[in-house]
Amino acid sequence: DQQVKQNSPSLSVQEGRISILNCDYTNSMFDYFLWYKKYPAEGPTFLISISSIKDKNEDGRFTVFLNKSAKHLSLHIVPSQPGDSAVYFCAASANSGGSNYKLTFGKGTLLTVNP
Amino acid sequence: DAGVTQSPTHLIKTRGQHVTLRCSPISGHKSVSWYQQVLGQGPQFIFQYYEKEERGRGNFPDRFSARQFPNYSSELNVNALLLGDSALYLCASSLRVNYGYTFGSGTRLTVV
Chain D
15 DQQVKQNSPS LSVQEGRISI LNCDYTNSMF DYFLWYKKYP AEGPTFLISI
65 SSIKDKNEDG RFTVFLNKSA KHLSLHIVPS QPGDSAVYFC AASANSGGSN
115 YKLTFGKGTL LTVNP
Chain Z
6 DAGVTQSPTH LIKTRGQHVT LRCSPISGHK SVSWYQQVLG QGPQFIFQYY
56 EKEERGRGNF PDRFSARQFP NYSSELNVNA LLLGDSALYL CASSLRVNYG
106 YTFGSGTRLT VV
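Taken in sequence, the protein lines are chains D and Z.
Residues 15 to 129 (my numbering) make up the first sequence, in order.
Residues 6 to 117 (my numbering) make up the second sequence, in order.
Because the hints were derived from the structure by calculation, they are not lab data.
Just so you know, these numbers come straight off a predicted model, no measurement behind them.
For every residue, glycine included, the Cβ atom is placed at its ideal position computed from N, Cα and C.
Accuracy of the hints is not assured; some may be wrong.
Stated by the list, open to error - Stretches of chain Z that chain D covers, calculated by requiring three or more beta carbons in the stretch to come under 8 Å of a beta carbon on chain D: (1) 44-57; (2) 65-74; (3) 107-115.
Claimed, not checked - Chain Z residues, not near chain D, derived (Cβ > 10 Å throughout): (4) A7; (5) P13; (6) K18; (7) G33; (8) S38; (9) E80; (10) L95.
Just chain D, same shape as in the assembly (with noise of 0.2 Å):
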């Protein structure tokens, strides 16, 4: 059961446009999420993060927008830039709870931001 769902593999946008990257999930103790950027032979760079208890938070280009009741949180890149082009992986951690040593990441979604 994949917990974590990022249902568009990819998304094209034109540089200095939106970038809007969706993600679902459907456990209910899921209170920290955070989303991640993937280049190709790297490991995932953390980009930002949202705790349960705000529905909103900022971080220059970026912004992570959490609505708790459908179970869904988005990332929004203003204005998109070329440099990026990447994976973009949702996570998220059940820190109150039992398993708050680990991450649940979705299958991610390729974004590429076209000049």
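With chain D fixed as given, assemble chain Z onto it according to the hints.
Frame of chain D, contents of chain Z only:
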């Protein structure tokens, strides 16, 4: 500062063989986690060690084992390799169990 270091970067093994993958965490990090990433999938949790003790284990067979040394480096061992074990194995370190994971570049294991 050195990041998370994994060795080797690439490895080719034959079915039935044994493999040992190594990870050196960021200096000061006491927690090491191992993840397996199969092509087209997200990383999947295998183990976490904190202060040399196993804190969690994912849904992997007993062929997979790991340990953490006094200097907080870690080894992942896989016995009786199967073709399906071919994957990118990622190590992540953090100061504490559930905070600030930093990933290494991984070891690409190919089983033939």
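Quick rundown of the hints versus the structure:
1. With 8 residues having a Cβ less than 8 Å from any Cβ of chain D, the stretch 44-57 of chain Z passes the three-residue criterion, so the hint holds.
2. Here's how the stretch 65-74 of chain Z fares: 0 of its residues keep a CB closer than 8 Å to some CB of chain D, so the rule of at least three is not met and the hint is violated.
3. Note: the stretch 107-115 of chain Z has 5 residues with beta-carbon separation from chain D under 8 Å; the three-residue rule is met and the coverage holds.
4. The beta carbon of A7 (chain Z) sits about 14 Å from the closest Cβ of chain D, which is more than 10 Å, so the claim that it is off the interface holds.
5. In this structure P13 (chain Z) is separated from chain D by more than 10 Å, as the shortest Cβ-Cβ distance comes to about 14 Å.
6. K18 (chain Z), annotated as away from the interface, keeps every beta carbon of chain D farther than 10 Å; the closest lies near 20 Å.
7. With a cut of 10 Å on Cβ distances, G33 (chain Z) stays outside the contact zone with chain D, its closest approach being about 17 Å.
8. At the 10 Å boundary, the C-beta of S38 (chain Z) falls inside the reach of chain D, the nearest C-beta of that chain being 7 Å off.
9. Listed as outside the interface, E80 (chain Z) is consistent with that label: its C-beta sits roughly 18 Å from the nearest C-beta of chain D, beyond the 10 Å cut-off.
10. With 10 Å as the threshold on Cβ separation, the claim that L95 (chain Z) sits away from chain D is violated: the shortest Cβ distance comes to roughly 6 Å.
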